[in-house]
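In the order they appear, the protein sequences are chains S and Y. Going by the numbering used here, the first residue of the first sequence is number 1, and it counts up by one from there. Going by the numbering used here, the first residue of the second sequence is number 1, and it counts up by one from there.
Among the hints, a few may not be true.
Each pair may be met inside one copy or between any two copies, as identical chains are not told apart.
[To be verified] Pairs of lysine-lysine residues, derived as BS3-like cross-links and limited to a Cα-Cα distance of at most 27 Å, are as follows:
#1 Lys187 / Lys4
#2 Lys267 / Lys299
#3 Lys21 / Lys185
#4 Lys267 / Lys288
These aren't lab readings, by the way, just hints derived from the structure by calculation.
There are 2 protein chains.
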Amino acid sequence: MYHKEIKIVDCTVRDGGLMNKWQFSDDFVKSVYNACVEAGVDYMEIGYKSSETAYSRIENGAWKFCEENDLRRIVGDNPSNTKISTMLDIGRIELDQIKPKKESIIDMMRVACYVHQMDKAIYHAEYCLDKGYEATINLMSVSTVNERDLDEALNDVSKSNVPIFYLVDSFGNMYCEHIETLARKYKNALPGKTIGIHAHNNMQLAFSNTITSIIEGITMLDSTFLGLGRGAGNCPTELLMAFLKNPKYRMLPVLQSIQDHILPLQKQIDWGYHIPYMISGSLNEHPKRAMEWMDSDRKDDFVAFLKNMHDKEILE
Amino acid sequence: MYHKEIKIVDCTVRDGGLMNKWQFSDDFVKSVYNACVEAGVDYMEIGYKSSETAYSRIENGAWKFCEENDLRRIVGDNPSNTKISTMLDIGRIELDQIKPKKESIIDMMRVACYVHQMDKAIYHAEYCLDKGYEATINLMSVSTVNERDLDEALNDVSKSNVPIFYLVDSFGNMYCEHIETLARKYKNALPGKTIGIHAHNNMQLAFSNTITSIIEGITMLDSTFLGLGRGAGNCPTELLMAFLKNPKYRMLPVLQSIQDHILPLQKQIDWGYHIPYMISGSLNEHPKRAMEWMDSDRKDDFVAFLKNMHDKEILE
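The following block holds chain S by itself, in its conformation from the complex:
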């Protein structure tokens, strides 16, 4: 399945950091960066761009903030074809903290938002575009957005300068028919814009939903090494490369980084397919409660977790 427009956006450090507050060693982040470069990954999303007034520097590692000096400690002047991306959360960053692109090693700013924040998201993304960055809007939790609100948001985006818009399955609730429906809706509403996919693996569907997205003409593909990411994690980068068989990608550097750094982390952090994440995904709920359960001493009591959930009748 050859689509030369396809770009892989590796989010290992950014989404994976949601599991350990971005407390990664420099060795870890350098390994992921070097592997992305050698593997031909198009973008590496290295973290969030946040303000220190919004989050504690003591609790959170450097990749929650992505200061230039931290970034350059890893990527230097980034003499590679892998672009550097960071994510902005509305309200967690003051726009005057975003320098002009020529003073930054960051190439792309991705603005994450909920549907009611779309006006602000467009404002933020256009601000970043004006500063010289590439920019995207990533509309989160779309599996809980009603059609009227979604259509209005898409209409607003269609009139903006923002060139890239993401289909985001935050709760890991969707299967192929959801993806088909939304991909077609996004493409129809946003002619000329690039569409991306960011999937979560609560129901073991992150990779297959990414395949469905490719078939539907989505070309920006988010993934992470060994699926490392919040809760059930994401579409695995190595699987995407195995599927694409695109000559611009090489899997071996990714496997090397996985065996050196990601697999050891899996012995400490429970991302991936676990029953509480599957339950929250299938109930179309935020993974927060499942993550709390997985952090408790009752993590393996799945029956109790299901009995604690709203709407449990659907599954019992």
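Place chain Y on chain S using the hints.
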């Protein structure tokens, strides 16, 4: 997605036993059986029906043979709506060892075969039908069968009395477009027959391939608790129930058995998504070499495993 014709065939003990030579405690097998009954599972495949001249009773547990006294120790007279299934491998059982149905607690015999064994498979399945059992043919490794041979096999099956035919992704190599193509081919070639799906999870696609199968009108769905099965394992029963939301199924008994028996086993046996299985799946190879690698002290050296594989250039 309501299809009242859907039947779940839980293969936890049969396919899972490929990982431990069916050395399950009676408590384990009883837990799976009781959960299947309480959860409304339509068929429980409890093991292989094999001859003791083909396999050692010392090496292999009871569920490699499925003698009546072993079966009845677990299911008694099976006073439930869950039917009992066993699988036959061509050449590993003498047909005169298959008793008439009225002397057996087994309801269904599934004949597994390779494409060159189709004549024998039809003979075996019709023999079982004549003895009073339900019967299926499960054509394995179809991802390596050429179109000419597959069409001839399907033509032979179409003229037989065998009512159920399975699409089997033995190597975990297929994605949605493979499933669509084969499901349509099977349905066109076998009008009036029931089609089943048996998927493996090497590329995290067993569940999504089962969903695609349902969309294509396949109604016999193989699955296992927590995906327990050979190598990367199978489509998880709990996920299938979460997806189907069919009132005849209940997930809680499955979760109870998983937390009591399957999860503890996962600490001893490495089924599920592991990089060597992903590599063998994406190269369309039998999982045998990946399983040997996973049993060695180099199991986490993924780079070395890939370098050892034929056709590694596809992925490197």
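Tell me, which hint numbers fail for this structure?
Of the numbered hints given earlier, the structure breaks just one, which is hint 3.
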